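*Asks:* Sequence:
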Amino acid sequence: MTWNLWWRFGPWEQRQPAIIETIRTADPDVLFLQEVWVDSDGDLASVIAAELGYHAVRTDPIGDQPVAFANAVLSRWPLRRIADEPLPRRDGELSHRRVVAAAVDTPWGAWPVASTHLDYRFDDSLTRQHQARRLLELAIGWRGDPDSDLPLVLGGDLNAVADSDEIRLLTGRSNGVPGVVMSDVWESCGDGDGATWQRGNPYQAESTWPDRRIDYVMVSWPRPNPVGNPIRAWRTGTSPVDLDGEAVWASDHAAVVAELETPNDQRRTTTLP
52 MTWNLWWRFG PWEQRQPAII ETIRTADPDV LFLQEVWVDS DGDLASVIAA ELGYHAVRTD
112 PIGDQPVAFA NAVLSRWPLR RIADEPLPRR DGELSHRRVV AAAVDTPWGA WPVASTHLDY
172 RFDDSLTRQH QARRLLELAI GWRGDPDSDL PLVLGGDLNA VADSDEIRLL TGRSNGVPGV
232 VMSDVWESCG DGDGATWQRG NPYQAESTWP DRRIDYVMVS WPRPNPVGNP IRAWRTGTSP
292 VDLDGEAVWA SDHAAVVAEL ETPNDQRRTT TLP
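Heads up, the sequence shown is in our numbering, so the first residue is 52 and it goes up one at a time.
Simulated from the structure, these hints should not be mistaken for laboratory data.
Hints are supplied without guarantee of correctness; some may be wrong.
Label pairs and their computed distance ranges (CB to CB) [stated by the list, open to error]: (1) S239 with P197: 12 to 22 Å; (2) E64 with P229: 46 to 56 Å; (3) S239 with F173: 23 to 33 Å.
These numbers were taken from a predicted model, which means no experiment stands behind them.
The beta carbon of each residue, even a glycine, is placed where N, CA and C say it ideally should be.
All chains, please: the whole structure from these sequences, using the hints.
*Replies:* Here's what the structure looks like:
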């Protein structure tokens, strides 16, 4: 499951229980989070992990902001951080955008995963293309042997629609990085347009963006098929959560949940909402 939690924007303290309840209901094995707040007393990833029994890693804060942004990976199994990497700007210099990668100790071995958040400006596809290319370069190192090792699973707010140049680069439709592309899980098995940025969300009441799919779960290819192949995908966080009779929207984004093929067809039993 991947989800942008909208940092401390809006009624963030009221939203936090709704975030936790939405994750509890989805019950993902691995959770990719973006816009996680971090302050001197802790961070939202640790709060969620403690509440729901997950292990967590995240990016480190940059600079001296009193409340920072972070990306995080949470897992029901133990995990270790293997990278916290900055992503480039369009001029090649390093930006504040980052990707955190982890090795998750799954029943099928150490499974590489990563959570990221690309630049948001509607008019800055070029920056996202540089960032997407860097993600592919890093993916080659994290995934191991494509013929035998478990594939990399990437979750993130990529701030780009599926036919954009940056997503085309990631999925092998344009000049990317030799030896690796990413399979877009929603494209393989999602139902409908999969919009995760929706004007029906009251936090988007003043947004001029159309409904669009900008959050993704992706799996590296080549991979030892059928391991990592998408089975199904759906959204959650598309409606408010009832908290003691009050309807609370958890975030300005919807989340994407995906089920992937595991070795020896040892699938978890998942019930769609």
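*Asks:* For every hint, state whether the structure bears it out.
*Replies:* Now the hints, each set against the structure:
1. Checked against the hint of 12 to 22 Å, the C-beta distance between S239 and P197 comes to roughly 18 Å, which is consistent with it.
2. Distance hint for E64 and P229: a CB-CB separation of about 47 Å, consistent with the stated range 46 to 56 Å.
3. The hinted range of 23 to 33 Å is satisfied by S239 and F173, whose Cβ atoms lie roughly 26 Å apart.
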